[in-house]
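Each protein sequence line maps, in turn, to chains F and S. So in this note's numbering, the last spot in the first sequence is 108, and the numbers never skip. So in this note's numbering, the last spot in the second sequence is 583, and the numbers never skip.
Any given hint could be a false lead.
[What the hints assert, rightly or not] Where chain S lies over chain F, by a calculated footprint (3+ residues, C-beta under 8 Å):
1) 22 to 33
2) 53 to 62
3) 71 to 77
4) 92 to 105
[What the hints assert, rightly or not] Here are some of the chain F residues that sit facing chain S, going by a computed Cβ distance under 10 Å:
5) 38
6) 41
7) 42
8) 44
9) 45
10) 46
11) 65
12) 66
13) 83
14) 84
15) 86
16) 87
Honestly, the hints are just simulated from the structure, not real lab data. We treat Cβ as the ideally placed atom computed from N, Cα and C, and that holds for glycine.
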Amino acid sequence: MTPLSRHPMTLAWLALVAATLTVFALAEGAGGGRFASIGIVLVSAFKVRLVFLWFMELRSGAMPWRRVTETWVAAVALILIAGVLLTGAP
Amino acid sequence: MVAATRPRAVGDEGVWFFITADISLFAVLFAAFMHARYGAPGLFEDSRQALNTSLGTLNTLILLTSSWQVALAVHAAREGLRDQVLRYLGLGMLVGVGFAVTKAIEYADKIRAGLTMVHNDFFMFYWALTGLHFVHFLVGMVVLGVCLHKARRDPLDARFLIWIESGGCYWHMVDLLWIMIFPMIYLLGAA
């Protein structure tokens, strides 16, 4: 088995942890401002995509599930960004 | 001529139908939350300030780490490494228990402060969304427990692989739903 430190799942986990800390820093640093909120949604959508592609192994292109999950990520991100733009702080 | 085989998703196809239906339901709930927030941004922003973002971030890290361990268990199962499957699944469940502990602390804190489901619209969504997610988490823990039991007793064959891949995908779904629920409720400024 691939050594744990070089295992693709470990690299995906490290990227997800780094993205989580980025989201926390954006939230703490900007206190819920509009641009920070949009950044938080985009990084969170990126994290979800990482989970689908790596942990759930859809990176091989398994259809139709790859298409379904990509559409879900885009739709949820759009819903949240639209909500932020309509009601978020300047 | 041999037809090219299309890549297939890991686990049972039925689990993917379930995951699609489940995440679609959550997408509708997310839209309902954002719509309600649009109608009362001040109330949603004031209520959001009562939530503990550090605890929410800790919960995200807990679920990500648990998911990582389960993903490693799936890979170990493909190589027939029973000891590693048992270790990674066990660690995945152990780390997962941390989510229940922090959620219990958070829920007790909210109840003590009187921030129950009937307090206002924000907390109705807070309890409904995080509660529904928590039920998914509990089901996931049971599924992982079944996989752990089978890993001890059964041969690590194709049948077992379907079990652990399907259970793993369900567990990762619990993880990714929290990845969107947490920022939407706890972090996005509304006013």
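Less than 10 Å between beta-carbons is the criterion; does residue 45 of chain F satisfy it with respect to chain S? holds, 4 Å
Using 10 Å as the Cβ threshold, decide whether residue 83 of chain F counts as touching chain S. Nearest chain S Cβ about 5 Å off; hint holds.
According to a criterion of three or more residues whose C-beta lies within less than 8 Å of a C-beta of chain S, is the stretch 71 to 77 of chain F covered? holds (count 5)
Restraint check, 10 Å cut-off on beta carbons, for residue 84 of chain F near chain S: Result: holds, 8 Å to nearest chain S Cβ.
Status of the hint placing residue 86 of chain F at chain S (closest C-beta pair under 10 Å): holds, 5 Å
For the restraint on residue 46 of chain F, tell me whether the closest CB of chain S is nearer than 10 Å. holds, 7 Å
Coverage of the stretch 53 to 62 of chain F by chain S (three or more Cβ within 8 Å): holds (count 5)
Given residue 44 of chain F was flagged as interface, is its beta-carbon under 10 Å from a beta-carbon of chain S? holds, 8 Å
Does residue 42 of chain F pass the interface hint, meaning its C-beta sits closer than 10 Å to a C-beta of chain S? Where the cut-off is 10 Å and the nearest Cβ of chain S is about 5 Å from residue 42 of chain F, the hint holds.
Residue count check for the stretch 22 to 33 of chain F against chain S: does it reach three with CB-CB under 8 Å? Per the Cβ count (6), the hint holds.
Could you check if residue 38 of chain F really has its C-beta closer than 10 Å to a C-beta on chain S? Where the cut-off is 10 Å and the nearest Cβ of chain S is about 5 Å from residue 38 of chain F, the hint holds.
Regarding the hint that residue 66 of chain F lies at the interface with chain S, is the smallest CB-CB distance below 10 Å? Holds, because the Cβ-Cβ distance from residue 66 of chain F to chain S comes to roughly 5 Å (cut-off 10 Å).
The structure is consistent with each of the numbered hints, conforming to all of them.
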